[in-house]
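Line by line, the protein sequences are chains A and B.
Using our numbering, read the first sequence as starting at 1 and increasing by one per residue.
Using our numbering, read the second sequence as starting at 135 and increasing by one per residue.
Careful: at least some of the hints might be erroneous.
[Stated by the list, open to error] If you want a taste of the chain A side facing chain B, the calculated C-beta under 8 Å gives, among others:
no.: 1; residue: His15
no.: 2; residue: Cys18
no.: 3; residue: Ala23
no.: 4; residue: Phe27
no.: 5; residue: Trp34
no.: 6; residue: Trp65
no.: 7; residue: Ala67
no.: 8; residue: Leu108
no.: 9; residue: Leu115
[Claimed, not checked] Below are the BS3-like pairs computed for lysine-lysine, each with C-alpha atoms no more than 30 Å apart in a straight line:
no.: 10; chain 1: A; residue 1: Lys52; chain 2: B; residue 2: Lys233
no.: 11; chain 1: B; residue 1: Lys207; chain 2: B; residue 2: Lys186
no.: 12; chain 1: A; residue 1: Lys49; chain 2: B; residue 2: Lys233
[Said to hold, decoys possible] Listed next, the stretches of chain B that the computed footprint assigns to chain A, with coverage defined by at least 3 CB atoms under 8 Å from CB atoms of chain A:
no.: 13; stretch: 205 to 215
no.: 14; stretch: 219 to 231
It is worth saying that the hints were derived from the structure and are not from the lab.
From the three backbone atoms N, C-alpha and C, an ideal C-beta is built for every residue, glycine too.
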Amino acid sequence: MTNEEKHEPIRQSVHVDCSREDAFRLFTERFGEWWPGDADSTHEIEPWKDGKIVQRTPSGDEREWGAVTAWDPPDRLELTWHPGANTDHAGTVEIEFTVEADGTRVTLTHTDWHLAQVDLVCFAGFVHEMMAVA
Amino acid sequence: MADRIELLGAFADPTRQAVLNLLRSRPSTVGELADRLPVSRPAVSQHLQVLKTAGLVDEERRGTRHYFRLNPKRLAELREHIDGMWRDALAAFSNFAAKESSGNDKRRKTRAYPTKRSR
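Could you put the whole structure together from the sequences, leaning on the hints where they help?
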C-alpha cells in the first residue's frame, strides 16, 4: 500500500493563428520573446532534445528551469519543469500542437505540479500582500 | 481561519518549508519526517504544531499512527496559482504568434501584389 496522493494534471489549451510548424518554432526558438515572466531576465529553451531551459538574471546568474525530454517538431514537446528550484521540484510539461480550423491548437499538460517549490510559488501572492501592508 | 502573522511566521522557517515540501509528495508520520530531515523527532513535532496552528498542515489518524499532510486547501491554492500562470503564458504566446504570422502575411502580400499596373 502506498500513501502517494493522486493529483490530476493541470491542462490548458489555446488557439494560435498560424501553422503547426510556425507554432512549434515560435514556442521554442523564441520562448524568451513571449514568456511573460520577469522582464529584467532573459529566458531560453535550447531547441533540441536534452536542451536546457535557462533563465539569466540581470546580475548574470544562470538558473536552470528544466530540460527538453522529447523534441518531436511539429507535434510535441516535453519538458521537465522546475522554475526557481532544483530538480527535486520538477514536474513534467507536455505541449502538443494539433491542426484546427484557421490555425493550431496548443495543449499544455503539467503533471506532478504539486512538487513545485512551496516557498517560491504557493504563498507568493500571500507574501506579496503582506509586504504591501508592512 | 489562521491569523496572517501566524501564517507568515510558520512559513518563514527553513525547516518548516522542508517539512511542507516533503508533505506534498505524501502524508507522513513524525518519524518518517525526522528520518528525512537533519532534526530530531521532538523538533519535527514542534514544527508540525506550528504548521497546524497556521492552517498549513492537518493531522489524520490511521489506526494507531498519526499522519500529517498538507492542507488540501493550500494544495488547491497551489494548483490555482500554476493554472493561472499557464493561462497567462499561453495567452501571451497566442498574441505573440498572431503578431508574428500576420507580419509574415503582410510581407507575403506585398510580394504577391507588386506594383500598380499602368494602362
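Going through the hints against the structure:
1. His15: Given a least distance of 7 Å, the restraint on histidine 15 of chain A holds.
2. Cys18: 4 Å, holds
3. Ala23: Alanine 23 of chain A check passes; min Cβ-Cβ to chain B is 6 Å, inside 8 Å.
4. Phe27: 6 Å, holds
5. Trp34: 4 Å, holds
6. Trp65: Check failed: Cβ of tryptophan 65 of chain A comes no nearer than 13 Å to chain B, outside 8 Å.
7. Ala67: 18 Å, violated
8. Leu108: Holds: closest Cβ of chain B sits about 6 Å from leucine 108 of chain A, inside 8 Å.
9. Leu115: Where the cut-off is 8 Å and the nearest Cβ of chain B is about 6 Å from leucine 115 of chain A, the hint holds.
10. A:Lys52 - B:Lys233: 27 Å, holds
11. B:Lys207 - B:Lys186: With a Cα-Cα distance of about 13 Å, the restraint between lysine 207 of chain B and lysine 186 of chain B holds, given a limit of 30 Å.
12. A:Lys49 - B:Lys233: With a Cα-Cα distance of about 28 Å, the restraint between lysine 49 of chain A and lysine 233 of chain B holds, given a limit of 30 Å.
13. 205 to 215: The restraint on the stretch 205 to 215 of chain B holds, since 6 of its residues have a Cβ under 8 Å from chain A and three suffice.
14. 219 to 231: holds (count 12)
Of the numbered hints listed earlier, those contradicted by the structure are 6 and 7.
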